[in-house]
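Protein chains in written order, with my numbering: chain A, 126 to 427; chain B, 10 to 658.
Honestly, the hints are just simulated from the structure, not real lab data. Glycine is no exception: its CB is placed at the ideal position from the N, C-alpha and C atoms. Honestly, I wouldn't trust all of these hints.
What the hints assert, rightly or not - Partial pick of chain A residues on the chain B-facing surface, computed with a CB cut under 8 Å:
no.	residue
1	180
2	219
3	243
4	279
To be verified - Computed Cβ-Cβ distance ranges for the label pairs, DEER-style:
no.	chain 1	residue 1	chain 2	residue 2	range
5	B	463	A	400	34 to 42 Å
6	B	458	A	400	34 to 42 Å
7	A	419	B	471	51 to 59 Å
8	B	515	A	375	35 to 43 Å
9	B	540	A	161	35 to 43 Å
10	B	191	A	409	54 to 62 Å
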Amino acid sequence: MIVMLDLVLRLALWLLLPPLLPGLINKVKAWVAGRRGPPVLQLYHDLARLWQKDVVLSNLASPGFVIAPAVAWVALVGAAMLLPLGPTGAAFGFRGDVLLLVYLLALARFATAWAALETGSAFGGMGAAREVSYAVLTEAALVAAVLSLSVQSGSITLATLLAPAAGAGAVLLAGGLFAVLLAENCRVPFDDPNTHLELTMIHEVMVLDHSGPPLAVILHGASLKLLLFSVLLTEAVLPLGRLPPFVAAAALAGGVLSVILGVGLVESLLARFAFRRVPLLLTTAFLLCLFSLLVAWNGGAA
Amino acid sequence: MTVTPLLCIAAGGLLTGLLAGRGSGGVWLAATLAGVSAALAAAVSVLAGGGDWEWRSGFPLGGESLHLRLDGISAFFLVLLCLIGVAGAVYGRGYWEEAMHPRSARAGRIWWSVLLLSLGGVLLASNGLHFLVAWELFTLSAYFLVTLDRHRTEVRAAGWLYLGASHAAVLALFAFFVQLSVRTGSWDLGPWPRRTELAPLFWLALFGFGLKAGLFPLHVWLPAAHANAPSHVSAMLSGVTLKMGIYGLVRFSGWMPVPLGTGWVVAGLGVASAVLGVAFALGQHDLKRLLAYHSVENIGIILIGLGFALVAIEQGGAAWGKLALAGGLLHVWNHGLFKALLFFAAGSVRHATGAREMSRLGGLWRGMPWTAGLFALGSAAICGLPPLNGFVSEWLVFLGLIDASLAHGSPAWAAFPAAILLGATGALALACFIKVCGVVFLGAPRSMAAAQAHECGPSMCGVMLLLGAACIAIGLAPVVFWPAVARAVGAWQPAWGGDGIPAPLVALGRAHLALAVLAVLAGWGLWRKSRGQHWVHARTWDCGYAAPTARMQYTAGSFAGILTEWFSWILRPERHGTGPANPFPAHSSHSIHTPETVLEKIVEPAGRLILRASIVVRRLQHGRVQSYILYVLVGLTVLAGWILTEGRS
Numbered sequence: 126m127i128v129m130l131d132l133v134l135r136l137a138l139w140l141l142l143p144p145l146l147p148g149l150i151n152k153v154k155a156w157v158a159g160r161r162g163p164p165v166l167q168l169y170h171d172l173a174r175l176w177q178k179d180v181v182l183s184n185l186a187s188p189g190f191v192i193a194p195a196v197a198w199v200a201l202v203g204a205a206m207l208l209p210l211g212p213t214g215a216a217f218g219f220r221g222d223v224l225l226l227v228y229l230l231a232l233a234r235f236a237t238a239w240a241a242l243e244t245g246s247a248f249g250g251m252g253a254a255r256e257v258s259y260a261v262l263t264e265a266a267l268v269a270a271v272l273s274l275s276v277q278s279g280s281i282t283l284a285t286l287l288a289p290a291a292g293a294g295a296v297l298l299a300g301g302l303f304a305v306l307l308a309e310n311c312r313v314p315f316d317d318p319n320t321h322l323e324l325t326m327i328h329e330v331m332v333l334d335h336s337g338p339p340l341a342v343i344l345h346g347a348s349l350k351l352l353l354f355s356v357l358l359t360e361a362v363l364p365l366g367r368l369p370p371f372v373a374a375a376a377l378a379g380g381v382l383s384v385i386l387g388v389g390l391v392e393s394l395l396a397r398f399a400f401r402r403v404p405l406l407l408t409t410a411f412l413l414c415l416f417s418l419l420v421a422w423n424g425g426a427a
Numbered sequence: 010m011t012v013t014p015l016l017c018i019a020a021g022g023l024l025t026g027l028l029a030g031r032g033s034g035g036v037w038l039a040a041t042l043a044g045v046s047a048a049l050a051a052a053v054s055v056l057a058g059g060g061d062w063e064w065r066s067g068f069p070l071g072g073e074s075l076h077l078r079l080d081g082i083s084a085f086f087l088v089l090l091c092l093i094g095v096a097g098a099v100y101g102r103g104y105w106e107e108a109m110h111p112r113s114a115r116a117g118r119i120w121w122s123v124l125l126l127s128l129g130g131v132l133l134a135s136n137g138l139h140f141l142v143a144w145e146l147f148t149l150s151a152y153f154l155v156t157l158d159r160h161r162t163e164v165r166a167a168g169w170l171y172l173g174a175s176h177a178a179v180l181a182l183f184a185f186f187v188q189l190s191v192r193t194g195s196w197d198l199g200p201w202p203r204r205t206e207l208a209p210l211f212w213l214a215l216f217g218f219g220l221k222a223g224l225f226p227l228h229v230w231l232p233a234a235h236a237n238a239p240s241h242v243s244a245m246l247s248g249v250t251l252k253m254g255i256y257g258l259v260r261f262s263g264w265m266p267v268p269l270g271t272g273w274v275v276a277g278l279g280v281a282s283a284v285l286g287v288a289f290a291l292g293q294h295d296l297k298r299l300l301a302y303h304s305v306e307n308i309g310i311i312l313i314g315l316g317f318a319l320v321a322i323e324q325g326g327a328a329w330g331k332l333a334l335a336g337g338l339l340h341v342w343n344h345g346l347f348k349a350l351l352f353f354a355a356g357s358v359r360h361a362t363g364a365r366e367m368s369r370l371g372g373l374w375r376g377m378p379w380t381a382g383l384f385a386l387g388s389a390a391i392c393g394l395p396p397l398n399g400f401v402s403e404w405l406v407f408l409g410l411i412d413a414s415l416a417h418g419s420p421a422w423a424a425f426p427a428a429i430l431l432g433a434t435g436a437l438a439l440a441c442f443i444k445v446c447g448v449v450f451l452g453a454p455r456s457m458a459a460a461q462a463h464e465c466g467p468s469m470c471g472v473m474l475l476l477g478a479a480c481i482a483i484g485l486a487p488v489v490f491w492p493a494v495a496r497a498v499g500a501w502q503p504a505w506g507g508d509g510i511p512a513p514l515v516a517l518g519r520a521h522l523a524l525a526v527l528a529v530l531a532g533w534g535l536w537r538k539s540r541g542q543h544w545v546h547a548r549t550w551d552c553g554y555a556a557p558t559a560r561m562q563y564t565a566g567s568f569a570g571i572l573t574e575w576f577s578w579i580l581r582p583e584r585h586g587t588g589p590a591n592p593f594p595a596h597s598s599h600s601i602h603t604p605e606t607v608l609e610k611i612v613e614p615a616g617r618l619i620l621r622a623s624i625v626v627r628r629l630q631h632g633r634v635q636s637y638i639l640y641v642l643v644g645l646t647v648l649a650g651w652i653l654t655e656g657r658s
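Extracted from the complex, chain A is given alone in its bound form (with noise of 0.2 Å):
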């Protein structure tokens, strides 16, 4: 009983507080430049409207035009649920979860793709390939962090990799992630969600055709892989279980705030990146990843 209301609450909280954080953002630039902005429950309005509206079918897609986004939210969900909240732990991990997590983001992405590709539009196309080739970079970073985290813990589980902070690396960890947590989210100075400049844009323009519910559910995944990676980063950073239940859920919701005020920040004092550059800066992304896993290393040696 216990079970099914700790899986149900966690499973409400996944889906209901992720559409805030865009809201968030965009409150953030807007105090930064000096507007009012949109409200920030506006995605939760946009959401509801594109769940009641038509659904405008390219000729050439496919069923899995429509079944593919819904793949993709399913895997973000279930990577959401692989990770422990804080204080209350994880709904259900085994040895090598983190490794589960990892590759749902990846079958996310290829059901994205997959369904970019279906209206054969020369959007589609290019969108999806620059976010796949861009993936190659993000998931060595996140593969070399979750080694380093596991060397610091000397674990392979979800819930005690997150639980201990990251030591002497965490500052070079929180710089790794924090970009990839940028790439992956197609945020500036990757990607400019703002912008309706097709050509220079990489998840927008993966989603162009898509219209009604499934992009309902397209927009709804994008907030949730935002709160995980925000949940991701905050707990890889500080040491979550090692605090007290209400001082841990605290520093839960303010580290997720804070990454949150980072994102809108960077996004309001930084412009988009010229496309050659994104490599070198995710190489960056990776190195700084490689150099906490080395840190670590060092520090378990000793």
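Fit chain B to the given chain A structure using the hints.
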């Protein structure tokens, strides 16, 4: 013992098939099916806990008495051989139809039977001489299968390259077995623990078996042979015969001591094969050639597992070595299953459109929905995506690698780069297969042939469905297949056997099941919801452009452009064409071709050098008797001088 009668039935069935192959295809198929099912039953009974099976003949065959052995390792590979062997036989009947190819269909049946028999012989033989004979037979029968369509020049060239490369491997294996028999005093094979003087021979085996398995610098024969063979043969080559190289490596690294540091070399070769195999695959425009390069990648993943198991033996890390080896071995099955599925699907595409060039395909899902869906399933499996089988084996290898690094010894320095590069390989494979799926099956057809494509026949589709179901089954219920893997691991290193099912694997199976159910439910739910709304069909929006054409779609080359640029240091793509010039450009073209770098830049120049040297040497032989007498005189003088100086000292 039930194994003996089963294997007798298997041999009988396959021999009947061999004899019936000239006549009707139906009898051949029935006999092959019966024989293969019996062999499968024998292998399963050994894997399911029966003891090893061993048999010696009273009579000699070729001077040696026949010695057959079916233990955990050979039974493990035999299961794969049976599955793909029968799948290819059924598929081939629809693909290489009697009506279309009356002569070569008959030859194809006979050589298929020879191939199955000789591969079975390789797996069962426990005598070096018979192993070599079976190996040579399998090499030759595979050659004749590759060149079934031998009126095409490129098929003959590919077959020739395959034959030459395979015989380089046979040469190394010949040296290996002869040395082995000299040092052990008999042709009989079996475990030789603690005979450290045998260890250096492993390098010969690594060359011979590695060439057959398609390890990175030795893979030169592989892409051409796999691309030009008929698709059911490609599936067999990639799914099973490459694994014979792996079988040899696993078999002999288990039976004899290996030199110090072998594990590091094998793991390093595995990592190189994995990363570079997928990099070359990204540069290909030919569907089957691309799949062939992915075999190099997957062989790499298998060898990472084997390499770390060898490191574990050297460093005493049983816990993680076991996981790495189990992952590598399970990947042998998995790769066999999904690669055969992908080659079959590629064959159906070829059958329907006559094209292998991806730039002439597109939008095939409409004409061939089953093939498209099954190709997507195989793609997701080969990319190692949960909840399919590829992820289970890659996950086991990953667990082995991370546990090796947690052990805080020197293996960590190999495990870190291996794990990171394995992750990157997964992402590269995903990029490559999204490219294939998108360009071949989605979007708008790029040619008339693609627009008019039709679904393949029920037997071809049925075989693909069965292979797809096997991929799903291993993904959702890895626990069911674990005992077989554990049995093979125990046969490789007896000290590592006998454990129960690892708890994380049970949990992973449950997670996969939950994921699969949820994905199906969500997909169905979203489909229902979308269908429930008003449903408007329209032209692809394409940012408001009113007349998009099929040629405006992203092509395979442009899709992989970013990644092939990163790997241009080894791919060395060749660009041809003329760019637009003048204010009113008239004609411009652009094409990119990725050469076979290792073959064209290393092997061929080396071959040319040898040819040039032999031309110089050939001048000595010109037919003038006077000069020959001079040679004899010079030879005698030198000999006499040598004997005289030897005698004095």
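To see whether the hints hold, each was checked on the structure:
no.: 1; hint: 180; result: 5 Å, holds
no.: 2; hint: 219; result: 3 Å, holds
no.: 3; hint: 243; result: 5 Å, holds
no.: 4; hint: 279; result: 6 Å, holds
no.: 5; hint: B/463 / A/400: 34 to 42 Å; result: 41 Å, holds
no.: 6; hint: B/458 / A/400: 34 to 42 Å; result: 35 Å, holds
no.: 7; hint: A/419 / B/471: 51 to 59 Å; result: 53 Å, holds
no.: 8; hint: B/515 / A/375: 35 to 43 Å; result: 36 Å, holds
no.: 9; hint: B/540 / A/161: 35 to 43 Å; result: 40 Å, holds
no.: 10; hint: B/191 / A/409: 54 to 62 Å; result: 57 Å, holds
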